[in-house]
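Visitor: Starting from the known structure of chain H, arrange chains Y, F and E on it as the hints suggest.
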Amino acid sequence: MKHLLLKLEPLIWLLFGQGILLGTVLLTGWVLVVGLAIPLGIVPADALSYERAQMLGSHIIGRVILLGLIVLPLWKGAHHMRHIFLDFGGAKRDVLVAPLLYLLAASGSVLAVVAIVRI
Amino acid sequence: MSRNAHPDAMAPSKPGRTRTAPPQLPDQFPFGGRYLAYTLFDLTGILYLLLGFLVLCAVWSLGSGEAAWNGVLERNRSMLYVGFHAIALVGVIFVGIRFFGFFPKAQPPRIGPVKPPPKPVILAMLYALWIGVTAFLSIVLAGGIF
Amino acid sequence: MSDGQQKKTFVVTRFDPDRDEAPRKQSYEIPVQPDWKVLDALNFIKDEVDGTLSYRWSCRMAVCGSCGMMVNGEPRLTCKEALSQYGDTVDVGPLANFPVVRDLVIEADGFMEKLTSVKPWIIRAKERAVEEGPMRQSPAEHEEFKQFSLCINCMLCYSACPVVANEPEFLGPAAIAVGHRYSIDSRDEGAAERNEVFRGEGGVFSCSFANECSEVCPKNVDPAAAVNQAKFNAVIDWATGLVLPRGGDE
Amino acid sequence: MIEVSRHDIVIVGGGAAGLRAAVAATEIDPDVSIALVSKVYPMRSHTVSAEGGAAAVVREDDNFEMHAYDTVKGSDFLADQDVIRTFVEQAPGELTLLEHWGCPWSRNEDGTVATRAFGGMSTKRTWYAADKVGFHMLHTLFQHSLRFDNIVRYDEHFATRLLVDEGTVRGVAALDIRTGVVRVVLGRSLILATGGAGKIFPFTTNGSIKTGDGMSLAYRAGVALKDMEFVQYHPTGLPGTGILITEATRGEGGYLINAEGERFLTTRDYGVGSKAELGPRDMISRAIIQELEAGRGFSGPYGDYLHLDLRHLGEAKIVARLPMVREISKIYIGVDPVHEPIPIRPVVHYMMGGIDTDITAATSLPGLYAAGECASVSLNGANRLGSNSLTECLVFGAAAGRNALSFAKGSSEGSEDALRRQGEEEAARVAALRGKQKGGEKLSRIRGDLHKTMESGCGVYRVQETMDETARTVAQLKGRYADVALEDSSAVFNTELVAALEMGNMLDIAEVVANSAAARNESRGAHTRRDTPNRDDQNFLYHTLCYFDPAGPRLEKKGVTLGHWEPEERKY
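Protein chains in written order, with this note's numbering: chain H, 1 to 119; chain Y, 120 to 265; chain F, 266 to 515; chain E, 516 to 1087.
Among these hints, one or two may not hold up.
Computed from the model, here is a short list of chain H residues facing chain Y with C-beta under 7 angstroms [stated by the list, open to error]: (1) Ile20; (2) Val25; (3) Gly29; (4) Val33; (5) Gly35; (6) Pro39; (7) Ala53; (8) Leu69; (9) Pro73; (10) Arg118.
Note that these hints are calculated values from the structure, not bench results. The beta carbon of each residue, even a glycine, is placed where N, CA and C say it ideally should be.
Only chain H is shown next, with the shape it has when bound in the complex:
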């Protein structure tokens, strides 16, 4: 397991790095509008009515952005959670915790692809 983790480290780091960089870039607008502006009524709710959401989400560019919005934050999150765990003295259990966290991110990523195909 340790060996496999080491092998995958560059890939994980790439996803993690993009999670911070592109993930942050994408998430800001999403959280602003979907998480705050629409629920608070600043933007009318029909901006993301089912029809319009379908239209945006089924466009190829929309799909790519949605994929990024899910996958990148997941890897950023998983990797940082691993760091937190290590920073609080979890080095001995890293060999258990790290695969679990990455598995979580990986499953989320697979589900994301399925979800996006389903739109």
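Guide: Below, chains Y, F and E without anything else, positioned relative to chain H:
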């Protein structure tokens, strides 16, 4: 709160030739001084994980039909979700500012024959990208265009 | 200059493995001079008050890298830090994140092993003969690695790094910076070998970019930059290896 | 039972000379087992503090003849000219090797190695890496040495005695500072590369580790120390701390200015002629002292001083070429040389003298070699030229490594029993010193008195009376040293014990310096007497050899190898 570091931190592979006192963490770790920003930065991992799954939920619902989608919109209106998103927004902006500040130093002096632009230019490009994408995405999501 | 009036209290960590179960604190109140560095105070204590206090020092001009200690909780070169910036009580301890040999002396052998493991020397497919003269290197090529060649191995960065504290295998900021310095030297051909080390256990990807190493570096080496550039190069090298498998790869 | 380890070559000292020797031997025989015994981790060695550069002929408009003559003249004709010839010829190759090993030499636009002007050098021949040359050379050498598994390091081991059997040196007894144990490290040949002894003076550029250990080891083993009266004062040290401000400041165009705002080296006759600030160190130091004595200095809490003015060089040049000078000035004296002149005064910097070696780095004791500042191969004579010493460490360090290797190949191992016995004796001596908690003397008091007497008797200007007085005082201090008491009896990392052993070495060296100086009744190079201000080639064109004798140091003479240039008046 001075806590022991990992007992083997910075120890040689062969045990030292005399008895040593165990390594100590810096006094301020993890929540004091500059470490606070670092620890908070790592802790935003939770926010990102949750955000990732929330978006996943929303997209899944979008594929499940109008009722499911409206359920997502409805759920987002609860104070719990609004509160979380408010915290998440702060977290995301914090991550951006901290990381973009570090970003230029992570650029190798040269990638093959290509040299990266000077630091201020990299920073300007990053912030332009961030603000630009955020504005574009916000307008699209808010129904401004398309 | 000798007003001789001002006094400060130094709370110094003491540990003698022959006598002490665990490190303890000992206070010394001594007269100080306005232009003293922290090291001058320790030397005064050693000479005039307590000959048993042990610590390393030599050049007293911030280049030999011997006298790193925790001063009021921050890793510092004691020969470089003006005493005047501190209050009436100054806490001096051994560098954090290192096993303590005695008093303010830490175990440095672990660091020496890490430094050696990054192959900090010029690697070339074919050694150049002396008769061929010096290699050419433009000032621009020199500039690329110059900053990272300024590391004095004082190990302050190790005391600040949360990863060093918690992952014993981590090569750490200084060792990676020194290795990276060679990899980006135009005269070197050993980057691939070092990338293997950097991608190995405790390599560059263990770094969580706390940037604390660069905050405390007394020579402005910016090890965080080195480590993260090294990550970038290690990834590029890895990706290239996937596309164009090198001979001898498993 | 004392621990014994066996190697082919034992090297004591991990600075430039010791590391170069280790690598040189390895280059010839990759299987040779080398013990590198150093009282500090090698990268802490004082080579690290050298700033300005290393000299070697590389420019088109330069040649060996010029480098050799500059060195001969700089030495006030006391250097051996065959040694100088070898030195200048091997210098470029040695610096080139360092380049191949990664030393970040500063470069010209076309990618060739850049050179700068230095005191007493007739052209720009000093290679540099900004003003951190010693630092870069040491780290390059040390890191390069890490690739060789056959170099076995004994870090933080303090060598306290040479082990000699059947008239041949066979190893050292060394205190493992970490454990407090004395161990025996044996080899078929041995190289001393322990650096100088500036710490016998109060005001010095030298780090705390420079206590003349190797010189004392050789001296106690019956090898002569040569030309020890010649102590170099560097013209520009910071008042108070004595921290070095490199000669490269003047090489890059800096001025020395007195309190009247006068660039006195150009307006008054100090014998340096048009070279002005780029005169040799002995002359510039004397000029500064004369200015101060004439009342044209500034006065400060640490005595009078002059100004080193770099402001006209401009910030860009200072940042590019002299970054460390700027850093040091800001931290240690609160002056930014871009905007203000730096306060300076002459400071003890370098021992021209040392263990008497021949051109092969061999001493009179079979199997024993020495190189670097602890040795005197007679390259520097009565005054060393700035930037020759780093190169000297390489050239003669390499020679020592090669010749020690060939000696080792033809030598026997000696009687292990006899060597073990010597080691046990030494262990007992060190243990006794560590447990010596009764006595009326304190180390710091002896050190203070030593400093006082060395400064008064063996400063820039000397007279018979005070030199004699200093020689007597040092002898008394040796008596007082026997009565020293230690507070620290711990085995582990006992720095007080190390300091006590170092004090023994320093007293040896101080005694040799004072006695050698008192016997030279002329002024030559760095040895300047007010009572006999002229050079006397009739009676004193010889090297001073000083031998250990329980009754007190014994002086002998050794001829100077001339051959090419006859002594003439030294005028620039």
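Visitor: State for each hint whether it applies.
Guide: Right, here's what the structure says about each hint:
Residue-level restraint check for Ile20(H) holds (minimum Cβ-Cβ distance to chain Y is 5 angstroms; threshold 7 angstroms). With a cut of 7 angstroms, the hint placing Val25(H) at the interface with chain Y holds, because the nearest CB-to-CB distance is about 5 angstroms. For Gly29(H), the suggested interface contact is upheld, since its CB lies about 3 angstroms from the closest CB of chain Y, less than 7 angstroms. For Val33(H), the interface hint holds, since its Cβ comes within 7 angstroms of a Cβ in chain Y; the closest pair sits about 4 angstroms apart.
Evaluation of the Gly35(H) hint against chain Y yields a held restraint, the C-beta minimum of about 3 angstroms falling below 7 angstroms. Given the 7 angstroms rule on beta carbons, the hint for Pro39(H) holds: about 4 angstroms separates it from the nearest Cβ of chain Y. Because the beta carbon of Ala53(H) sits about 6 angstroms from the nearest beta carbon in chain Y, less than 7 angstroms, this interface hint is met. Because the smallest distance between the Cβ of Leu69(H) and any Cβ of chain Y comes to about 5 angstroms, under 7 angstroms, the interface hint for this residue holds.
Taking 7 angstroms as the C-beta cut-off, the interface hint given for Pro73(H) holds, the closest approach to chain Y being about 4 angstroms. The beta carbon of Arg118(H) is positioned within 7 angstroms of a beta carbon in chain Y (closest approach about 3 angstroms), and the interface hint is therefore held.
Consistency note: the structure conflicts with none of the earlier hints.
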